[in-house]
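Protein chains: 2
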Amino acid sequence: MAKEKKLVEAITSMEEDFAQWYTDVVKKAELIDYSAVKGCMIIKPAGYALWENIQKELDRRFKETGVENVYMPMFIPESLLEKEKDHVEGFAPEVAWVTHGGANPLQERLCVRPTSETLFCDFYKNLIQSYRDLPKLYNQWCSVVRWEKETRPFLRSREFLWQEGHTAHATAEDAQERTIQMLNVYADFCEDFLAIPVIRGQKTEKEKFAGAEETYTIEALMHDGKALQSGTSHNFGDGFAKAFGIQYTDRENKLTYVHQTSWGLSTRLIGAIIMVHGDDSGLVLPPKLAPVQVMVIPVQMQKEGVLEKAGEVRSRLEKVCRTKLDSSDKSPGWKFSEQEMRGIPLRVELGPKDIEAGSCVVVRRDTREKIKVSLDELETEIPKLLETMQKDMYERALAHRDSHIYDAHNFAELEEAAENKPGFIRGMWCGSQECEDRIKEELAVTSRCIPFHDKEQISRTCVCCGKEAHTLVYWGKAY
Amino acid sequence: MAKEKKLVEAITSMEEDFAQWYTDVVKKAELIDYSAVKGCMIIKPAGYALWENIQKELDRRFKETGVENVYMPMFIPESLLEKEKDHVEGFAPEVAWVTHGGANPLQERLCVRPTSETLFCDFYKNLIQSYRDLPKLYNQWCSVVRWEKETRPFLRSREFLWQEGHTAHATAEDAQERTIQMLNVYADFCEDFLAIPVIRGQKTEKEKFAGAEETYTIEALMHDGKALQSGTSHNFGDGFAKAFGIQYTDRENKLTYVHQTSWGLSTRLIGAIIMVHGDDSGLVLPPKLAPVQVMVIPVQMQKEGVLEKAGEVRSRLEKVCRTKLDSSDKSPGWKFSEQEMRGIPLRVELGPKDIEAGSCVVVRRDTREKIKVSLDELETEIPKLLETMQKDMYERALAHRDSHIYDAHNFAELEEAAENKPGFIRGMWCGSQECEDRIKEELAVTSRCIPFHDKEQISRTCVCCGKEAHTLVYWGKAY
Numbered sequence: 029m030a031k032e033k034k035l036v037e038a039i040t041s042m043e044e045d046f047a048q049w050y051t052d053v054v055k056k057a058e059l060i061d062y063s064a065v066k067g068c069m070i071i072k073p074a075g076y077a078l079w080e081n082i083q084k085e086l087d088r089r090f091k092e093t094g095v096e097n098v099y100m101p102m103f104i105p106e107s108l109l110e111k112e113k114d115h116v117e118g119f120a121p122e123v124a125w126v127t128h129g130g131a132n133p134l135q136e137r138l139c140v141r142p143t144s145e146t147l148f149c150d151f152y153k154n155l156i157q158s159y160r161d162l163p164k165l166y167n168q169w170c171s172v173v174r175w176e177k178e179t180r181p182f183l184r185s186r187e188f189l190w191q192e193g194h195t196a197h198a199t200a201e202d203a204q205e206r207t208i209q210m211l212n213v214y215a216d217f218c219e220d221f222l223a224i225p226v227i228r229g230q231k232t233e234k235e236k237f238a239g240a241e242e243t244y245t246i247e248a249l250m251h252d253g254k255a256l257q258s259g260t261s262h263n264f265g266d267g268f269a270k271a272f273g274i275q276y277t278d279r280e281n282k283l284t285y286v287h288q289t290s291w292g293l294s295t296r297l298i299g300a301i302i303m304v305h306g307d308d309s310g311l312v313l314p315p316k317l318a319p320v321q322v323m324v325i326p327v328q329m330q331k332e333g334v335l336e337k338a339g340e341v342r343s344r345l346e347k348v349c350r351t352k353l354d355s356s357d358k359s360p361g362w363k364f365s366e367q368e369m370r371g372i373p374l375r376v377e378l379g380p381k382d383i384e385a386g387s388c389v390v391v392r393r394d395t396r397e398k399i400k401v402s403l404d405e406l407e408t409e410i411p412k413l414l415e416t417m418q419k420d421m422y423e424r425a426l427a428h429r430d431s432h433i434y435d436a437h438n439f440a441e442l443e444e445a446a447e448n449k450p451g452f453i454r455g456m457w458c459g460s461q462e463c464e465d466r467i468k469e470e471l472a473v474t475s476r477c478i479p480f481h482d483k484e485q486i487s488r489t490c491v492c493c494g495k496e497a498h499t500l501v502y503w504g505k506a507y
Numbered sequence: 029m030a031k032e033k034k035l036v037e038a039i040t041s042m043e044e045d046f047a048q049w050y051t052d053v054v055k056k057a058e059l060i061d062y063s064a065v066k067g068c069m070i071i072k073p074a075g076y077a078l079w080e081n082i083q084k085e086l087d088r089r090f091k092e093t094g095v096e097n098v099y100m101p102m103f104i105p106e107s108l109l110e111k112e113k114d115h116v117e118g119f120a121p122e123v124a125w126v127t128h129g130g131a132n133p134l135q136e137r138l139c140v141r142p143t144s145e146t147l148f149c150d151f152y153k154n155l156i157q158s159y160r161d162l163p164k165l166y167n168q169w170c171s172v173v174r175w176e177k178e179t180r181p182f183l184r185s186r187e188f189l190w191q192e193g194h195t196a197h198a199t200a201e202d203a204q205e206r207t208i209q210m211l212n213v214y215a216d217f218c219e220d221f222l223a224i225p226v227i228r229g230q231k232t233e234k235e236k237f238a239g240a241e242e243t244y245t246i247e248a249l250m251h252d253g254k255a256l257q258s259g260t261s262h263n264f265g266d267g268f269a270k271a272f273g274i275q276y277t278d279r280e281n282k283l284t285y286v287h288q289t290s291w292g293l294s295t296r297l298i299g300a301i302i303m304v305h306g307d308d309s310g311l312v313l314p315p316k317l318a319p320v321q322v323m324v325i326p327v328q329m330q331k332e333g334v335l336e337k338a339g340e341v342r343s344r345l346e347k348v349c350r351t352k353l354d355s356s357d358k359s360p361g362w363k364f365s366e367q368e369m370r371g372i373p374l375r376v377e378l379g380p381k382d383i384e385a386g387s388c389v390v391v392r393r394d395t396r397e398k399i400k401v402s403l404d405e406l407e408t409e410i411p412k413l414l415e416t417m418q419k420d421m422y423e424r425a426l427a428h429r430d431s432h433i434y435d436a437h438n439f440a441e442l443e444e445a446a447e448n449k450p451g452f453i454r455g456m457w458c459g460s461q462e463c464e465d466r467i468k469e470e471l472a473v474t475s476r477c478i479p480f481h482d483k484e485q486i487s488r489t490c491v492c493c494g495k496e497a498h499t500l501v502y503w504g505k506a507y
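Read top to bottom, the protein sequences are chains A and B. This note's numbering numbers the first residue of the first sequence as 29 and each following residue consecutively. This note's numbering numbers the first residue of the second sequence as 29 and each following residue consecutively.
Calculated directly from the structure, the hints in this document are not laboratory data. Hints should not be assumed to be uniformly reliable.
One copy or any two copies: either way a pair holds, since identical chains are not told apart in the list.
What the hints assert, rightly or not - Listed next, the in silico DSS-like pairs over lysine-lysine satisfying Cα-Cα at most 27 Å (straight line):
#	residue 1	residue 2
1	K337	K91
2	K91	K66
3	K316	K84
4	K66	K153
5	K113	K505
6	K111	K483
7	K84	K347
8	K400	K358
9	K419	K495
10	K282	K468
11	K84	K352
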């Protein structure tokens, strides 16, 4: 009993200290562990299983659009990194440098890839000769390194896992279309699979990716009202192509530069899953993502026939969803806490009385609702409950997000919202970076995006300088 | 027509120059490309798709034995690498060192992992407290770096993809059992899935992994008679546990060291697939592995109804196997060459006459056999042909291997075989490293393994020194 208490006590409540709650969940749900390498995390089985499911589903969605996977070297020679001016300025300050191979100093330093635009460009330069070679739609799953000073599990670490897509197209229109297409793949994936609603939009000039012409983003709202950039898609135009000399012969036999895109999504998203859906008992996983969807927990296991029946229920459920049986010698209460901490969507409680009544008690992780289900209807009722839970989790996250969007018509209102109303703040923007800088410096709020689907002109003047403004921006504090 | 000729001409024949043939296939089948980073390769879509299928199948087999996936940092602090004496001696000379993060020198150098024993040990040290925590059966899929001087695509490169399993057990027996279990998983996988027969056996002391008590291996024979070590499994005993202090409280409440294993298999295996099955027309892929199993190629495509019928055949076959249709505007001959170069197991040729006769011509990649198949029986006949081809490929590789095993009873016979008979040489060994060293130096032949399933005493004396010998060793030249 003492041990059981410990598990629950160990979590700080969200209201008390959200940051500590996050760290507690990440550790107690056994998603990560700290490593001997400062700023790098160990992703444990429960955490990695989430990434595997994300990978599997996203990879399927990529391939449906014609994307193929490749693998590029993890090192970039310094001279290659330097080829595109904006890009190197953005990344050079935060890369790890390899200077020695064995005992010998290298002739040229290599950085561990922070992202692989330069490698793909160098590859495409030789690969692409004719319009027949286009488009190239390549992606890779790998880890990248950015030498961050402050790190937090999943949200910011020196090494993280991600995918990076890199495409080359014949025309500017094709590149733009692909940029938006992949942003939509990300957004649909977040909404359908992770039950996380996102705002789709464009980054301002200031917030763009180093070297991009345009950067698009999906922004999700965490439980504490902070935003998390959850995936980005970049249109490079022909900037990289010119820096690297990637030309093809078009149908008229003319040498032409390709147009390129890149798009990435990382283990950061696991942070979003925790912070959108989690509660004071731990993780809450959307059923489509959950590595284990149903945990069968026998009650009064020592009584004759209970464990046998529980095994039977597990076997039947395994055929319709990802099911496990906890037959360890821990107490049922302890098992309930563990299942809750790990965010397993449903638990099936089964004791002698249930068996006698020909039913079991199903408990939803999100609402804690207890539902009596006839043992005869397991195979139909459990998948239905999983489906309902997935839908409800999305609706709840959407309602939370929508109730945390505020309008600011002037600087005073923006200040008031930034200080007291965690969430997205809608405010008109004149387009000047000065205003963006001032808002960031004074209010610690940044432009999250210029949304695609919200073009309302809530006023005619910039929320910062009061000058004429036509662009609606979502502002917010962000991870 | 000139272009078509080029594709075929570009491959050197195996007999003429096996090494050049290998390089030609690797490039022409579009498996890899060279990169801007010396010794590192770009794995292109056709190559990466092989790795994806290997990964998927092997991962499934691992998980069936209770293995879970994790992800560890790619960096190892120098002090951590140095904790186990033999291990650091084995790896330090060939690691890449990171010395700077951004503009700042690091306080301690980090090496890019060449393998992750030390990281797993450091992790297990805190994770494992009680016998209840055992066994730990973790695996990771990642890339590793070894600063090799001479490199060849897939076979030896400075960075390669692999999986590394790391397990911790309560007893020496459990560790030994797991070591052999995983070797058998590798062997069965190679034989069932890749149609590559392997010799299962133990490495000699000299050939063991740095830090291991015992190393086990699977050895495959390439078409040129050289051996390729295709997967290894190591038993560490409690050596690493003592170096890292990994102790648990056993059932009697006594502090005890864990026993550990590790096992790895890499993209090197793609080299084996090429060199076991390939021929002078390119790659030959075993059907179970092949990303595309059937290529439908229309003949006289411009004739009415041909393309439509080909599309219909594709749609029907897609339901039973991985099928593509080549409807590009290249000539059929060109398409045949491409399909052969890429090693696609079957091609379905379909022209106006075939359609009229209600049949198609199926050509097997391995035997070139042309088989007339009625269009009514596609869904049953094609999968049957794939199955037969898989089986035949294994049998052919086995026959080739078995016909290249020679016995040597003394040094003269060993020398004669080493010089003139490419293959495995069976020879008794007294157990001294002196003999092993002499054989390696004078004949460029190494001990591949002490086989599990061949314990014949072909003589009573060592093939090298003539002293008493009880151990049969398979010797050979190796990649």
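Comparing the hints with the structure gives:
In the homo-oligomer, the alpha carbons of K337 and K91 lie at most 27 Å apart only across protomers (26 Å), although the nearest pairing inside one protomer, at 42 Å, exceeds that limit. For a Cα distance limit of 27 Å, the shortest separation of K91 from K66 qualifies neither inside one copy, at 36 Å, nor across copies, at 31 Å. In this homomeric assembly, K316 and K84 come within 27 Å of each other (Cα to Cα) both inside a single copy, at 12 Å, and across copies, at 20 Å. In this assembly of identical chains, K66 and K153 lie within 27 Å of each other by CA distance solely across copies; the values are 17 Å between and 37 Å within a copy.
In this assembly of identical chains, the alpha carbons of K113 and K505 never lie at most 27 Å apart, being 29 Å within a copy and 50 Å across copies at closest. In this assembly of identical chains, the alpha carbons of K111 and K483 never lie at most 27 Å apart, being 38 Å within a copy and 60 Å across copies at closest. In this homomeric assembly, K84 and K347 come within 27 Å of each other (Cα to Cα) both inside a single copy, at 20 Å, and across copies, at 21 Å. Taking the shortest Cα distances, K400 and K358 sit within 27 Å of each other inside one copy (24 Å), while across copies they are farther apart (64 Å).
For the homomeric pair K419 and K495, neither the shortest alpha-carbon distance inside one copy (43 Å) nor that between copies (76 Å) is at most 27 Å. Taking CA atoms no more than 27 Å apart as the test, K282 paired with K468 passes in neither setting, with 47 Å inside one copy and 58 Å between copies. For the homomeric pair K84 and K352, the shortest alpha-carbon distances inside one copy (21 Å) and between copies (22 Å) are both at most 27 Å.
Figure legend: structure checked against the earlier numbered hints; hints not met, in rising order: 2, 5, 6, 9 and 10.
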